[in-house]
Amino acid sequence: MTPAIEVRNLWKRFVLRHNRAETLKSRIMGVFDSRLRERRETFWALQDVTLSVQQGETLGLIGPNGSGKSTLLRLIARTHYPTRGSVTVRGRVSPMLEIGIGFHQELTGQENIYLNGSLLGLSRREVERLYPAIVEFSELEDFIDVPVKNYSSGMHARLGFSIAAHLDPDVLLIDEALSVGDEGFQRKCQERMQQFRARGVTIMFVSHNLRTVASLCDRVCLLVHGKVEALGPVDAVVSRYQELTAAMTSGAERMLGPELSPRSGDVL
Amino acid sequence: MLNDTLRYRDLLVALVATELKVKYRGSALGLLWSLLNPLALILIYSVAFQYIIRIQIEHFTVFLIAGLLPWGFFASSATASTVSLMVNAGLLKKVHFPREILPAATVLFNLIQTMLALAVFLPSLFVLRGSVPWTLVFYPVVLAIQAVFVTGVALGLSALTVAFRDLRHLTEVGLTLLFWLTPIVYHISMVPAGMQAAFRLNPMTSFVSVYQDIAYWGRPPSAGDFLVLIGWAVSALLVGWTIFRRRAPYLAEDL
Ligand SMILES: Nc1ncnc2c1ncn2[C@@H]1O[C@H](COP(=O)(O)OP(=O)(O)O)[C@@H](O)[C@H]1O
Ligand SMILES: [Mg+2]
Numbered sequence: 001m002t003p004a005i006e007v008r009n010l011w012k013r014f015v016l017r018h019n020r021a022e023t024l025k026s027r028i029m030g031v032f033d034s035r036l037r038e039r040r041e042t043f044w045a046l047q048d049v050t051l052s053v054q055q056g057e058t059l060g061l062i063g064p065n066g067s068g069k070s071t072l073l074r075l076i077a078r079t080h081y082p083t084r085g086s087v088t089v090r091g092r093v094s095p096m097l098e099i100g101i102g103f104h105q106e107l108t109g110q111e112n113i114y115l116n117g118s119l120l121g122l123s124r125r126e127v128e129r130l131y132p133a134i135v136e137f138s139e140l141e142d143f144i145d146v147p148v149k150n151y152s153s154g155m156h157a158r159l160g161f162s163i164a165a166h167l168d169p170d171v172l173l174i175d176e177a178l179s180v181g182d183e184g185f186q187r188k189c190q191e192r193m194q195q196f197r198a199r200g201v202t203i204m205f206v207s208h209n210l211r212t213v214a215s216l217c218d219r220v221c222l223l224v225h226g227k228v229e230a231l232g233p234v235d236a237v238v239s240r241y242q243e244l245t246a247a248m249t250s251g252a253e254r255m256l257g258p259e260l261s262p263r264s265g266d267v268l
Numbered sequence: 269m270l271n272d273t274l275r276y277r278d279l280l281v282a283l284v285a286t287e288l289k290v291k292y293r294g295s296a297l298g299l300l301w302s303l304l305n306p307l308a309l310i311l312i313y314s315v316a317f318q319y320i321i322r323i324q325i326e327h328f329t330v331f332l333i334a335g336l337l338p339w340g341f342f343a344s345s346a347t348a349s350t351v352s353l354m355v356n357a358g359l360l361k362k363v364h365f366p367r368e369i370l371p372a373a374t375v376l377f378n379l380i381q382t383m384l385a386l387a388v389f390l391p392s393l394f395v396l397r398g399s400v401p402w403t404l405v406f407y408p409v410v411l412a413i414q415a416v417f418v419t420g421v422a423l424g425l426s427a428l429t430v431a432f433r434d435l436r437h438l439t440e441v442g443l444t445l446l447f448w449l450t451p452i453v454y455h456i457s458m459v460p461a462g463m464q465a466a467f468r469l470n471p472m473t474s475f476v477s478v479y480q481d482i483a484y485w486g487r488p489p490s491a492g493d494f495l496v497l498i499g500w501a502v503s504a505l506l507v508g509w510t511i512f513r514r515r516a517p518y519l520a521e522d523l
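As given, the protein sequences belong to chains A and B, one line each in that order. Take the first sequence: its position 246, counting from 1, is numbered 246 in this note's numbering, and each next residue is one higher. Quick note: to get this note's numbering, add 268 to the position in the second sequence (first position is 1).
Derived by calculation from the structure, the hints in this document are not laboratory data. Just so we're clear, the structure is a prediction, and the values are computed from it rather than from any experiment. The beta-carbon is built from N, C-alpha and C at its ideal position, and this holds for glycine as well. Do not rely on the hints blindly, as some may be mistaken.
What the hints assert, rightly or not - In the DSS-like style, the derived pairs of lysine-lysine whose C-alpha atoms are separated by at most 25 angstroms in a straight line are: (1) 227(A) <-> 291(B); (2) 361(B) <-> 289(B); (3) 289(B) <-> 25(A); (4) 25(A) <-> 291(B); (5) 291(B) <-> 361(B); (6) 289(B) <-> 227(A).
Said to hold, decoys possible - Coverage of chain B stretches by chain A, computed from C-beta distances (three or more under 8 angstroms per stretch; other residues unrestricted): (7) 275-287; (8) 462-474.
Unchecked claim - Derived contacts from chain B toward chain A, CB cut-off under 10 angstroms, selection only: (9) 319; (10) 322; (11) 324; (12) 328; (13) 355; (14) 380; (15) 383; (16) 387; (17) 435; (18) 442; (19) 445; (20) 514; (21) 517; (22) 521.
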């Protein structure tokens with residue numbers, strides 16, 4: 001079987017810009033006054049990540065805040081680019097990166113459905129065909145003509161998931177997107193994801209809800225400080241994460257060791 | 269590449285429609301509002317230059333319109349392009365698509381507005397003048413070359429403004445200066461001889477002069493004129509594209 005997602009020796013470096021010089025003015029002032037100068041520090045959000053997800057497989061991604069889960073999904077969705085290494089994805093990707101997908105706040109729900117369809121490469125005709133199902137699934141019939149800026153975060157998530165879930169994706173990326181929906185909608189989304197699994201869609205799924213992860217995923221990857229700490233069967237990886245969390249909360253952070261510190265410390 | 273372009277043609281249309289909706293939401297007149305700004309400028313400059321300053325140009329309003337509408341295309345595209353990536357940060361952060369479509373949609377939207385203004389004002393221009401110069405057949409060609417030029421400027425400005433946010437205000441100030449340095453409300457021959465060479469370094473001077481030739485003087489542009497315009501268009505596109513390509517991969521993380 002060919003993998004649907006292949007991540008090879010992936011490194012991602014962000015430049016943390018303290019006192020960020022966002023304007024020409026501040027850039028020029030920095031020349032004369034060193035206190036105003038921008039200080040740059042590099043930060044490795046992902047370090048040598050290698051993993052592959054088989055076609056039809058659901059991979060869970062867990063780890064503490066700031067461990068690089070969202071960054072990894074962004075690189076797979078190609079909104080961000082690798083510093084080193086490569087990402088290969090086969091098929092159409094439906095990304096749901098954090099709350100909502102690419103919404104234009106001034107547009108209504110309906111207009112956003114069309115805009116998002118074309119953003120993801122669908123023709124207008126294809127979106128027209130999918131439109132009724134998207135609206136029905138989102139249960140937002142009464143709000144579909146309202147600008148998205150007036151939606152609650154739960155409504156954002158509903159519309160976002162409904163669009164992502166109806167675009168007939170080969171690969172579905174979901175980043176904590178379901179956690180803001182209400183109980184009923186979360187259950188509906190999980191059912192939908194089970195349908196996708198049955199249909200052979202490849203899913204990468206970030207969640208802090210370990211029970212959901214356990215019920216939906218075939219394998220789990222644990223990221224810590226941008227590195228793959230564990231990758232394998234659900235039970236083993238989840239209990240490894242729980243051990244780690246317990247160790248961290250009991251103050252024994254030394255367990256992780258200083259070599260896991262993500263800051264390379266080199267100042268640009 | 270071509271495949272991509274076809275695939276994202278619907279996206280370009282959707283983004284142009286978005287600009288239209290966001291700008292004219294809730295106004296029955298919609299796009300017609302976009303005629304108000306040129307109309308006001310035409311009235312003000314006509315009165316000021318014909319009756320107050322008493323400029324020595326026959327059919328001054330016709331002369332003014334010939335240069336003012338293409339200037340408007342350039343200036344409004346440049347202004348809008350400075351924010352075209354920033355207002356769409358939500359889309360850039362969440363979905364992968366060719367980033368250059370955003371400034372391209374901004375230019376296309378402004379081109380449509382300009383063509384609407386041309387459709388309304390060019391005919392009225394000949395009522396004032398009494399005849400239609402045959403040289404108007406060159407208009408679409410010159411407009412197409414200008415659109416390439418404007419696209420280059422928009423690509424460069426949109427990407428640079430993400431790094432330098434105050435470029436947006438600098439652009440507005442710069443455009444006001446450049447307007448008076450471009451022979452739109454006066455003729456290039458009125459510029460002191462010693463300064464004319466410097467004026468010709470301004471690409472908009474070359475474009476506006478050719479527009480005045482074909483819409484006011486009824487003079488066909490020379491091959492040399494076309495070469496200069498194409499030269500400006502290709503250079504702007506090359507520079508703008510180079511700047512844009514370098515920044516494009518980092519737009520989602522910088523915004
Ligand atoms: N655009 C960015 N610029 C600088 N640092 C970033 C950027 N995006 C993410 N980071 C940093 O990368 C690290 C990983 O973030 P993220 O992938 O969002 O973690 P997670 O989703 O696992 O909580 C964090 O420390 C975050 O501050
Ligand atoms: Mg995250």
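- Message: Hint compliance check: list the failing hint numbers for this structure, sorted ascending.
- Response: 1, 3, 4, 6, 8, 9, 10, 11, 12, 14, 15, 16, 18, 19, 20
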